[in-house]
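Enquirer: Sequence:
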Amino acid sequence: MFFLLFSLPCLGGMTSGLLGRKIGVTGAHIITTSAVMISAILSIIAFYEVVLCHSPVTIHLGDWVHSEILTVSWSFTFDTLSMSIITTVLIISSLVHLYSIDYMSSDPHNQRFFCYLSLFTFFMVLLVAGDNYFVLFVGWEFIAVCSYLLINFWFTVIEANKSAMQSFIVNRVGDMALSISFLGIVCLFGNVDFSTVFSLAPMMNESALTIIGLLLLFGGMGKSAQIGLNTWLPTAMAGPTPVSSLIHSATLVSAGVYVLLRSSPLLEYSSTALIAITWIGSITAFFAASTGLLQNDLKRVIAYSTCSQMGYLFLACGLSQYNTALFHLVNHAFFKALLFLSAGAVLHATFDQQDQRRLGGFLPLLPFSYTSILVGSLSLMAVPFMTGFYSKDLILELACSQYVFHGSIAYWLGSISAGLTAFYSFRLVAMTFLTYPNSPKKIYESAHDAAIFAMIPMSVLAILAIFFGYVARDLFVGMGTDFANNSLFTHPSHISLIEAEVLPTTYKLLPTFITFASASLAFYLYHYATPFLVATTKTSLGYNLYNFFNGKYYIEVLYNTYVIPASLGIGYIVSKQLDRGIVEMLFGYGLASGLRSSSEKVATLDNGTLPSYAIYFAFALVTLTLLLLCPLASLLPISSSDILTQIHTFIDIRLIVVLIFSILLVG
Numbered sequence: 001m002f003f004l005l006f007s008l009p010c011l012g013g014m015t016s017g018l019l020g021r022k023i024g025v026t027g028a029h030i031i032t033t034s035a036v037m038i039s040a041i042l043s044i045i046a047f048y049e050v051v052l053c054h055s056p057v058t059i060h061l062g063d064w065v066h067s068e069i070l071t072v073s074w075s076f077t078f079d080t081l082s083m084s085i086i087t088t089v090l091i092i093s094s095l096v097h098l099y100s101i102d103y104m105s106s107d108p109h110n111q112r113f114f115c116y117l118s119l120f121t122f123f124m125v126l127l128v129a130g131d132n133y134f135v136l137f138v139g140w141e142f143i144a145v146c147s148y149l150l151i152n153f154w155f156t157v158i159e160a161n162k163s164a165m166q167s168f169i170v171n172r173v174g175d176m177a178l179s180i181s182f183l184g185i186v187c188l189f190g191n192v193d194f195s196t197v198f199s200l201a202p203m204m205n206e207s208a209l210t211i212i213g214l215l216l217l218f219g220g221m222g223k224s225a226q227i228g229l230n231t232w233l234p235t236a237m238a239g240p241t242p243v244s245s246l247i248h249s250a251t252l253v254s255a256g257v258y259v260l261l262r263s264s265p266l267l268e269y270s271s272t273a274l275i276a277i278t279w280i281g282s283i284t285a286f287f288a289a290s291t292g293l294l295q296n297d298l299k300r301v302i303a304y305s306t307c308s309q310m311g312y313l314f315l316a317c318g319l320s321q322y323n324t325a326l327f328h329l330v331n332h333a334f335f336k337a338l339l340f341l342s343a344g345a346v347l348h349a350t351f352d353q354q355d356q357r358r359l360g361g362f363l364p365l366l367p368f369s370y371t372s373i374l375v376g377s378l379s380l381m382a383v384p385f386m387t388g389f390y391s392k393d394l395i396l397e398l399a400c401s402q403y404v405f406h407g408s409i410a411y412w413l414g415s416i417s418a419g420l421t422a423f424y425s426f427r428l429v430a431m432t433f434l435t436y437p438n439s440p441k442k443i444y445e446s447a448h449d450a451a452i453f454a455m456i457p458m459s460v461l462a463i464l465a466i467f468f469g470y471v472a473r474d475l476f477v478g479m480g481t482d483f484a485n486n487s488l489f490t491h492p493s494h495i496s497l498i499e500a501e502v503l504p505t506t507y508k509l510l511p512t513f514i515t516f517a518s519a520s521l522a523f524y525l526y527h528y529a530t531p532f533l534v535a536t537t538k539t540s541l542g543y544n545l546y547n548f549f550n551g552k553y554y555i556e557v558l559y560n561t562y563v564i565p566a567s568l569g570i571g572y573i574v575s576k577q578l579d580r581g582i583v584e585m586l587f588g589y590g591l592a593s594g595l596r597s598s599s600e601k602v603a604t605l606d607n608g609t610l611p612s613y614a615i616y617f618a619f620a621l622v623t624l625t626l627l628l629l630c631p632l633a634s635l636l637p638i639s640s641s642d643i644l645t646q647i648h649t650f651i652d653i654r655l656i657v658v659l660i661f662s663i664l665l666v667g
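Numbered by full-length UniProt numbering, the letters in the sequence shown go through residues 1 to 667 in order.
For the record, the hints were derived by calculation from the structure and aren't laboratory data. In this text the structure is predicted, and so the values were computed from the model without any measurement. Hints are not guaranteed to be accurate.
[Unchecked claim] Between beta-carbon pairs, the in silico distance windows are:
| # | residue 1 | residue 2 | range |
| --- | --- | --- | --- |
| 1 | 180 | 65 | 32 to 38 angstroms |
| 2 | 7 | 467 | 30 to 36 angstroms |
| 3 | 598 | 624 | 20 to 26 angstroms |
| 4 | 154 | 571 | 47 to 53 angstroms |
Even for Gly, the Cβ is constructed at its ideal location relative to N, Cα and C.
Could you put the whole structure together from the sequences, leaning on the hints where they help?
Expert: Given below as structure tokens:
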């Protein structure tokens, strides 16, 4: 069952890709969607066995690298952490496959799309199920390849080409750090198996663990789009909407958080790494929420909310609250998938119009899409009794209960970010559905809700976005739960759930109060006070603030102006002067040409005359005789230490000289 669980999506994707012309579009739909759905059903059964019955399973398929110093196996572990994420990935992927049948119905390359989508799912499951860091890295690299193929699915569109390249290159920056961290793990622990590495972690040097932890953080920042490496996430919207839904909810962005969750036994023994993770997560949550505040692209607003929620997850990992981070990761996957699929329904109804300023007034025409986006937005805002509330507010409470400086900073930045999230979520709802109609009349005449193939996934995700948090709270983060005792490790001194329970009510209710106040303000400004907003942007302060937040803090401008030209200049110098200059002249072309010229000069000694050969033999005989008689010199009664040292040094190198002369004579 466990082998089928992650092999079926691979088989479905390969069938659709290699036999697409034989099976046709309908065949590709049936095979890939059925394979992923069967895997999702099997994952639910496996979740019951592994998580609820506490029976982790390990599958060993064979050795990959088997040497004296390192053994790497093709082995997979299904424990609480991996099964929680695998079940989420497969459920959402099966719903996205079903949704894509309608969404991509007019595209001529359905077989290729469903092939990429299934392989994307397979490699994410491979990443999560891997029993060592090398198998994890295989899945890590291939999900980057699949995301490149999916974002660049419409490869005739220049914007899709640019977005895919940016995504791939920015992720390579994080991958470099992750590769170095794995090499550090091999050097420090002598192994890459999770069980071996984690059992030895308490006995290792803290400085070494700090370096490895910071490298893991930097690697996770690339995939999870943390500040500095976040530029690829908003531009990844160039791909089809089902791709955005899968990337932003369950697969690509979750990989970075998964690495931190899986490496919790390493991070727990490095306070520096934990503090750095907390700061990165807090700053990212605030940065992304404030950036999404004034974005006009419908999908880009939701993308920045993903970046902000990933900041909350990093924040929780930095506070050693791994159970809560895993809970919010699963919750976020459900309501974020719902938001993107609902946005796709809106795009289909409006001829792919993504600019919110050119929408408005679609509530009577798209009631189902409106309800879905509203449910997803309320869950994203962590409105009480929605799924997001049970994990997001708990993260803020745990941050406040740390009673340390970085915990307080995380609480306040997280609370402010919650208010900003509520503002741009209701801004999105108001500008798309409630304000004065701004689209052409033709769009309103043809606007209609999604087909049944799209409504079913959206309905399932809406139910999960409402009820899952309430149903699963006690299992994931309940007091005294042993949910993740075999996969996540929290140092006893870092447990603060009791302090969070007895936190003053003011601090518990403050994020909710800020959320409601911000949502009310957004609804009022964009529904009743639009002239005031227009007048504000005409002032110099309002204009500059709008440009700053809409321009994403000008981070990309700084990269394009300073970082990229400097990097290209350094790369040119390294390539021309160091690589093709010094290195190639000494060890590449230089070595080859030097050996060739030397051999040609030695070959000139073979002139075919007997006197020359006699001289060579005589010279070699004298030289070899002297070298062989040199050991007798050590028996002479020499009192001078300097002369004795020189003789012994000469004796030590005699064999090397004999070898060289022998080679010359044989040649």
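Enquirer: Now, for every hint given, state plainly whether the structure supports it.
Expert: Here's how the hints hold up against the structure:
1. 180 x 65: 32 to 38 angstroms: Taking Cβ atoms as reference, residue 180 and residue 65 lie about 19 angstroms apart, which means the hint is violated.
2. 7 x 467: 30 to 36 angstroms: Given range 30 to 36 angstroms: holds, Cβ gap about 31 angstroms.
3. 598 x 624: 20 to 26 angstroms: Since residue 598 and residue 624 have Cβ atoms about 22 angstroms apart, the given range 20 to 26 angstroms holds.
4. 154 x 571: 47 to 53 angstroms: 31 angstroms Cβ-Cβ, so the 47 to 53 angstroms window is violated.
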